[in-house]
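Assemble the whole structure, with the sequences as input and the hints as a guide.
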Amino acid sequence: QQQVKQSPQSLIVQKGGIPIINCAYENTAFDYFPWYQQFPGKGPALLIAIRPDVSEKKEGRFTISFNKSAKQFSLHIMDSQPGDSATYFCAARVVYAGNNRKLIWGLGTSLAVNP
Amino acid sequence: DAGVTQSPTHLIKTRGQHVTLRCSPISGHKSVSWYQQVLGQGPQFIFQYYEKEERGRGNFPDRFSARQFPNYSSELNVNALLLGDSALYLCASSLYSADTQYFGPGTRLTVL
Numbered sequence: 001q002q003q004v005k006q007s008p009q010s011l012i013v014q015k016g017g018i019p020i021i022n023c024a025y026e027n028t029a030f031d032y033f034p035w036y037q038q039f040p041g042k043g044p045a046l047l048i049a050i051r052p053d054v055s056e057k058k059e060g061r062f063t064i065s066f067n068k069s070a071k072q073f074s075l076h077i078m079d080s081q082p083g084d085s086a087t088y089f090c091a092a093r094v095v096y097a098g099n100n101r102k103l104i105w106g107l108g109t110s111l112a113v114n115p
Numbered sequence: 001d002a003g004v005t006q007s008p009t010h011l012i013k014t015r016g017q018h019v020t021l022r023c024s025p026i027s028g029h030k031s032v033s034w035y036q037q038v039l040g041q042g043p044q045f046i047f048q049y050y051e052k053e054e055r056g057r058g059n060f061p062d063r064f065s066a067r068q069f070p071n072y073s074s075e076l077n078v079n080a081l082l083l084g085d086s087a088l089y090l091c092a093s094s095l096y097s098a099d100t101q102y103f104g105p106g107t108r109l110t111v112l
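Protein chains in written order, with the numbering used here: chain A, 1 to 115; chain B, 1 to 112.
Check each hint, because a few of them may be wrong.
[To be verified] Covered stretches of chain A, as calculated for chain B (at least 3 residues, CB under 8 Å):
#1 41-48
#2 96-104
[As the list claims (entries may be wrong)] Listed next, the in silico DSBU-like pairs over lysine-lysine satisfying Cα-Cα at most 35 Å (straight line):
#3 Lys5/A / Lys13/B
#4 Lys42/A / Lys13/B
#5 Lys30/B / Lys68/A
#6 Lys58/A / Lys13/B
#7 Lys30/B / Lys71/A
#8 Lys5/A / Lys52/B
#9 Lys13/B / Lys71/A
None of these hints come from the bench; they were simulated from the model. Just so you know, even glycine gets a beta-carbon here, dropped at the ideal spot from N, CA and C.
This is the structure:
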């Protein structure tokens, strides 16, 4: 119920391509869906986030598409660059113990963008 | 403004020892959360503190404990270290307990 399933596990695209990373969830109580980018040896950095009442959000080259009825959301990276090579995590925020919230994470997608 | 800072950067311990990891949140942030990230996996929630009180605990044994100080910095303590405790330990801060979390660079713990 509290899982977030992320796919694919790894992805290789050519520079300029549009990698798409998908996530699915079951718990309808999730209220916020962030994507994080993590480079080796570094902590995750917030990339973009969406709330379930919005179907799409775009920030620069990054777009989240959200399908509430299907309980799925995805990250699209337009005009991908070698510098985008990193591990990407989707997450979902859940309420627990009253008004507290914590993030449930996907397992991550390792993206490689070839020059 | 400085982001979330963690110390030490790297740490090597042997089985049975204990370790203390430290975190300073972004200035003005009152909530700190701790996560464990094993290589190749997503972060797993350990604790959340808000205004010096524990607000949540993940599925970790009692060997793991934490506290938050009046200046909102936090410590994570792990006793009786096991090989399986080897991981990147991440601290995240947020303004309030329900807000967007910002992560520090992590502490890489290796247990031999």
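For each hint, the structure was consulted:
For the region 41-48 of chain A, the proposed coverage by chain B is satisfied: 6 residues have a C-beta within less than 8 Å of a C-beta in that chain, meeting the threshold of three. Check result for the region 96-104 of chain A against chain B: holds, 8 residues qualifying (beta carbon to beta carbon below 8 Å, three or more required). Note on Lys5/A and Lys13/B: the hinted pairing holds, with a Cα-Cα distance of about 33 Å set against a maximum of 35 Å. A threshold of 35 Å between alpha carbons decides the hint, and for Lys42/A with Lys13/B the separation of about 21 Å falls inside it, so the pair holds.
A hinted pair counts as satisfied when its Cα atoms are at most 35 Å apart, and Lys30/B with Lys68/A qualifies at roughly 32 Å. Restraint check for Lys58/A and Lys13/B: the C-alpha separation of about 44 Å exceeds 35 Å, so the hint is violated. The straight-line distance between the Cα atoms of Lys30/B and Lys71/A is roughly 32 Å, inside the 35 Å bound, and the hint therefore holds. Annotation: proposed proximity of Lys5/A to Lys52/B holds, straight-line Cα distance about 33 Å (limit 35 Å).
Of the supplied pair hints, the one linking Lys13/B and Lys71/A is violated, its CA atoms being roughly 43 Å apart against a limit of 35 Å.
Figure legend: structure checked against the earlier numbered hints; hints not met, in rising order: 6 and 9.
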